[in-house]
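We have chain A already, so just place chain B on it with the hints.
Residues per chain, in single letters:
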Amino acid sequence: MPLTLIYHFRPSESLEASFVPASYRVVYFFSDQGFLEQSLLQEMSKSVPDADHDLLSFLSLDDLRAFGSRVCQEVGSGEVRLISIQDYNIGVDGARDLKGFQAVFTKFGETVVNEEASKKKGFLGKLFS
Amino acid sequence: MSYLEDSRENGDPVRPGEQWFFYWKTSAALWESRILQFPKTEIIFIPLYWGFHAESAAEWDFGRIQSERDLVRLVQLLTQHGRRFCWVLPLSPAPFFPNGGVPAFAARTLSIAREGVLMASLDRDQNLNKMLSFYEPKVYGAFTGFLRAFEAFLTEHQVQSPVWGAEFFYLEDGHKISFLEDWSVAFDHGFSRYVRQKFPTGTGLADESDLKTVFRSEVSSLFLQSAESVLTTYWMGKMPVTVLGSSPRDCIQRSMPSGKSQLSYTRELVHLYMHDQWISSSLLTNTEKKDLLPFILADQFSSSDAEEKFQFQLPRTDLTEEYRPFGVVEIFSKDESLRKMGLLKFLDDNYRSLYQFSDSFAFTNEWVQGSQHKIKLFQGGALDRLGFAQILKLFMLGQRILLDVQDLPLELDKRLQVFLIENNIKNQTLNFVTAISVFELGDGRLITFDGKKLIGKPEQKNFWHQIFKYFNLTQPEVTMDDDLFSFWKIRSTSGHELNYLDVRRVNFYNPTSYKKHVTINTKNHFAFLRAADSLRASAKSVSQRVEVELLPNGKISLDFGHYEEAPCR
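Those protein sequence lines, which keep their order, are chains A and B. Quick note: the first sequence uses the numbering used here, first residue 1, plus one each step. Quick note: the second sequence uses the numbering used here, first residue 1001, plus one each step.
The set of hints was computed from the structure by calculation and includes no laboratory data. Positions of the beta carbon are idealized from the N, C-alpha and C atoms, including for glycine. Every clue listed holds true.
What follows is a set of in silico ranges between Cβ atoms, one per label pair, in the way DEER data are often shown:
1) Arg10/A <-> Leu1314/B: 49 to 55 angstroms
2) Ser1226/B <-> Pro49/A: 50 to 56 angstroms
3) Ser47/A <-> Arg1536/B: 42 to 48 angstroms
4) His53/A <-> Ser1217/B: 33 to 39 angstroms
5) Asn1286/B <-> Glu16/A: 52 to 58 angstroms
6) Ile90/A <-> Asp1349/B: 46 to 52 angstroms
7) Glu1055/B <-> Ile90/A: 27 to 33 angstroms
Just chain A, with the same shape it has in the complex (with noise of 0.2 angstroms):
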């Protein structure tokens, strides 16, 4: 079971009186069974330091892929693809129909595989074994 994981990037700003550091935002955090709740997101993000635990925001891509990882380890998956807001979006323009709308999901982004996975297996790698 892949997961998915759409981000947004905002680059760092300078505002009058701070400075707001890049960001990487979730967006949409899926699996081909529906969304991932909330509230497992919230808690799996509390293992990187650092992050927005209540927006999903992560400081560089690494602890976004950190934070990713995590994810499939607790959900007993092997590996999410990361897909930014520009590269969904590069890809929804290509596409005409369903098809090539779920190609989105396979030829867009990077995908971190979770070593962990094919050691041990999660909860829903013992249920479909």
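Below, chain B alone, put in the same frame as chain A:
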């Protein structure tokens, strides 16, 4: 453009109130057989895919060039077969049109949702329709060009059919969002131009997001006013239509093998019903419209509801032997403070699905009579002089009004005092969490309170309990899980039911995959008459209560005779 793609069977009979004829999806040679599939008595709605009629930027075709654009023939077929119909003109991108309806020559910038994703919707033929921004200046130019050409077409061919404007919406996280809401560069450019023009010396301290809301609303009005002014004699008004399954999130969910659950759709339908919203299920496939969904659509968004909504028939005032929707509270506010002051929780616990939200009220005799039985709640901050005068009139006409006076303008507060003195109306005041004033005039009741003082108070539940106890509503008491849903209806009694004042029907639906139970306590005012239309459900009557068992995807209707009306207080 390809034809013969409309996969709908027999005009999509699961949805009686939604006879939408997508003429551009069907070869013109098949129009007649398609039209004949629609039930004869029902109105046929024809969405105007305006972009489809663009031959070029300067030429609009209504059949001279392509037979699939031949609206004269379409009108002739509808007239020949005695069908009532109306045009639906989109005033926003519409998710069931390619490009959202925008003609190819004006299609430049794709519309972007708040989250930053492109706005796209899967239609029932599994096409991915991408929405084009209405903030692109070329789109407005094209739209007005179409309006003029369409008006000329209607006049030339003496077509006497009404035109309804429709702004389309999607639901996300319980919020209704217009397809006009757009975060694309076209919006940003339009907004910059608007700010430069409107505030040449700068916006001062004005909040950018507030200004964007004003700009959006002005653009929306621009499309509406253009349509109104060009189509004057044909124009009926604007109807907001929420399209099920059309949000960006829905697009992803509906593309998954598991799809969007029936429970989610049901929850949305109940939400839309309670917010008095008209819906379109035209994007959903037959596989998605399964289990209970067709029943809920047919029961709660019926043809007669559509006829009333689109003004083909007058609002129903007196009770007839035909069931009509029933509620006990009408709320004229969407303020989040209603939740914070505990009202929505109280209503969900005690009068679930018996309250509705309304954006506004048409102060007509039909509306006043038809809603006489409902308690009406208003919030002072949202009222103007006219609205306030109408509320006082409702009170004088014997209606029951709850008025939250927080943020009530001083001018209206003074007006209230003058009204009370002029009419020599005495008030009873009491302090319980907040100052409550109760005014009585004949059958009319007016209760004022300061809702701000209820926010966060543990006594709020008791407060609402006392207020509603005063109104002495008689209604069966229902105990059921949150993921079960019910709708109430009412009708007059028939010849053999003269012991009763009216008959109330409750429809229960269980869209979950679990067996569920409901208990209805009839108290002393209701007699259980019968169970009807049951599907995977059963009911049994046990002294002063009815116990219902609903299997997964089960539904049942129960009728109760109302035999005693207790006077107010």
